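**Student:** Protein sequence lines, in the order shown, are assigned to chains A and B.
Taking my numbering, the leading residue of the first sequence gets 1, the next gets one more, and so forth.
Taking my numbering, the leading residue of the second sequence gets 1001, the next gets one more, and so forth.
Wrong hints could be hidden among the right ones.
[What the hints assert, rightly or not] Taking lysine to aspartate or glutamate pairs in the DMTMM-like style, the calculated list, with each CA pair at most 25 Å apart, reads:
#	chain 1	residue 1	chain 2	residue 2
1	B	K1095	A	E178
2	B	K1095	A	D167
3	B	K1101	A	D167
4	B	K1020	A	E178
5	B	K1088	A	E178
6	B	K1101	A	D282
7	B	K1117	A	D282
8	B	K1095	A	E97
9	B	K1101	A	E97
10	B	K1101	A	E178
11	B	K1131	B	E1169
In short, the hints are calculated from the structure, not lab data.
Everything numeric in this text was worked out from a predicted model, so none of it was measured.
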Amino acid sequence: MANRQTTERTMRGLFFVIATASIGILFLIMLFLFREGLPIFKTVSVKDFIFGKYWYPTSDPPDFGIFSLIVASVAVTAVSGAMAVPLGVMTAIYLSEIAMPRVSQIVKPVVELLAALPSVVIGFFGMVLVAPFLQRVFDLPTGLNLFNASLMLAFMSIPTICSISEDAIHSVPGALREASVALGATQLQTIVRVVVPASLSGISTAVILGLSRAVGETMVVLMVAGGAAMLPGSLFDPVRPMPASIAAEMAEAPIGSEHYYALFATGIVLFFFTLLFNIVADTIAHRYAQVGEASL
Amino acid sequence: MDTEIKMSAQDLDFYYGEFKALHSINMNFSPCQVTALIGPSGCGKSTFLRCLNRMNDLIPISRVEGRITLDGENIYASDVDVVMLRRKVGMVFQKPNPFPKSIFDNVAYGLWVNGIKDKVFVQERVEESLKQAAIWDEVKDRLQASALGLSGGQQQRLCIARALAVKPEVVLMDEPASALDPIATQKIEELIHQLKETYTIIIVTHNMQQAARVSDVTAFFYMGKLIEAGETDLIFTRPKKKQTEDYITGRFG
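This is chain B alone, in the form it adopts within the complex:
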């Protein structure tokens, strides 16, 4: 395994009010790799993902203890600019959530809110991002049409393009294909394969075949604890822990 570390969680605890949702998570993410987080519903994998770009800040009663570092810097330090962090750590959500705006405006949004006004630059970046997300050919003739007129799979690729437009370093994906049909899912998976050349990708998925197909590293979560993490091939063929084996062979969860 690559020893270089892009992001890292150290003794991370997370609380919703009194409820402790994550128990002392320690985990490293290498650059230009896909890490899959798997585990049964409510195991904390999505919560953990949302700690990585501080989306949980939006929940008033939540609390974080421990550290998460990006390039060695603690993202929960008091002097961190959350806006800058989220620009570096992008996110794609479970349900496609395009803005009720045009296709172009959806992708350009992240640039605008970050103060980029140069029209030519924005146009080029929008095209580049749509191409990266493998949706350019389908939408290039109707960039001014509403994004809500796209199919679910197209909307999700648009959301990926939107996340890529701000050139993040890490892309978090929270079950990005769970609301999509098999063909759209396949497209998203192919996309993830291409994206990992440039980006560090962390993906939450319920689908173990998907984890096996797209990821280099897999981490198994259960009851708010990280049970086991390792190279995907090894996790799926020779898991070290009994719980992991039970889960991936479908005995529970």
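Next comes chain A alone, as it looks inside the complex:
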């Protein structure tokens, strides 16, 4: 009896220690990010850092303005979203509502498998195949640009968007479809007016999770975005999103230098971006969870 109680107590203690450790370490990393990033604001004001147009960290005197990097991240995410959201959601609708059950049983796991493609492979593909193609077709100075990066990121987010949307659409009760059809609605009307609205919270969550994968993705943008720290004038200009900038420069920035602090501060900005995405996803998932018939 006493023995069993000791085991219980040990087990509880063990789980507590493990949980505390993993959460604590993550928290410490965040603390470290802020400790290493905030000192840059002794040299540059927050406003100049975020809205400054010039990123010349190694010039003399250096310029630490990451506005073009932020614009690059936002642009790459938005353009990839514009491509990935319609494709991902429509694929999900096809798999859940239109395809024969046997087809979707095979295709859905395959789509989910595509999410496992390492980003470096996708980046490599964009570099070796897509970039020369874009350069030739559109007669560009370089095929490594905003459009190429967005396209590659879209490929990365489609599996996430498609798979989670499909789950949400699939969980819409069959009774709603029957009710719609029994009122003389066509299959298309049923999908557009009943099924999609009923699963909108799940679809929104899927979209945001897909996009947040794109906004934080480093390897692909490092390889195919072109790396120019300037405001893009068109879809085919090279850009330098925040993660690419950090990854490319971190090895060269001496620890404790202003450049080093500036890169960590860029990391802080990126952290707030992904945090925003997660909060929005969480809010949507919760707000509609009780009202809608279907959710994640």
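We have chain A already, so just place chain B on it with the hints.
**Tutor:** Frame of chain A; chain B shown alone:
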């Protein structure tokens, strides 16, 4: 009995894959009458009901043989527009299934999907349908509220209003009161009484008192076969078949 025929099944067989769920059903439905389909679970009465507006089309492995006619026309003929058929033959389901939309949008839905855009007309029809379904007074002040906030009985009357809004000629009801409490059930039954002045109603029910109360004609199904059909009074007082008598007196089922 009225000799006029609204709907009719002729030698109707129905298969789920290899399983034969209905065996050569022959039955007529007269206009402006309530027909109750009774029988134990799995006897095929719901399957038969869903053949009448081709809801079983949604089941990929199902197959129909024989004919069902609406005003003399075979609804399984290859040139039939299923959407038009379902507009004429409406359906109310066992479990209330309002859309996660506002009360107004639920009732207006059938009009919208049939291409009616005239706002005034839609408003009038929504009000008329809600009144017909005896729920207008309870919801008239909150038409824009979510239908999911209504009680089960209200939701079911809303679903009836939704079905009536497209002005069907026949209304199929699949155990419409089985998920409701006695008071809500009574309201639905009163409603059926009023509706039969305008509509041909076919109702599946497990509850024999309900069949006796609401219907003019009762049909008893057993093991996928139509055992006996006739005027409700006669079926419940002097059934011709032993199986029917056993069922209605509660000896099995």
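**Student:** If a hint holds in the structure, say so; if it doesn't, say that too.
**Tutor:** A quick look at each hint next to the structure:
1. A C-alpha spacing of about 12 Å is found between B/K1095 and A/E178, which places the hinted pair at or below 25 Å, so the restraint holds.
2. Distance check on the hinted pair: B/K1095 and A/D167 sit about 23 Å apart at the alpha-carbon level, within 25 Å; holds.
3. Of the supplied pair hints, the one linking B/K1101 and A/D167 holds, its CA atoms being roughly 21 Å apart against a limit of 25 Å.
4. Proximity of B/K1020 to A/E178 is assessed by CA-CA distance (about 23 Å); at most 25 Å being required, the pair is judged to hold.
5. At roughly 16 Å between alpha-carbon atoms, B/K1088 and A/E178 fall within 25 Å of each other, so this suggested pair holds.
6. Between the alpha carbons of B/K1101 and A/D282 the distance comes to roughly 23 Å, so the proposed pair stays at or under 25 Å and holds.
7. Among the hinted pairs, B/K1117 with A/D282 is inconsistent with the structure: their alpha-carbon atoms are about 37 Å apart, more than 25 Å.
8. A distance of roughly 22 Å separates the Cα atoms of B/K1095 and A/E97; the hinted pair therefore holds under the 25 Å criterion.
9. Of the pairs offered as hints, the one joining B/K1101 and A/E97 holds, with about 21 Å between alpha carbons and a cut-off of 25 Å not exceeded.
10. Proximity of B/K1101 to A/E178 is assessed by CA-CA distance (about 16 Å); at most 25 Å being required, the pair is judged to hold.
11. A hinted pair counts as satisfied when its Cα atoms are at most 25 Å apart, and B/K1131 with B/E1169 qualifies at roughly 18 Å.
Of the numbered hints listed earlier, the single one contradicted by the structure is hint 7.
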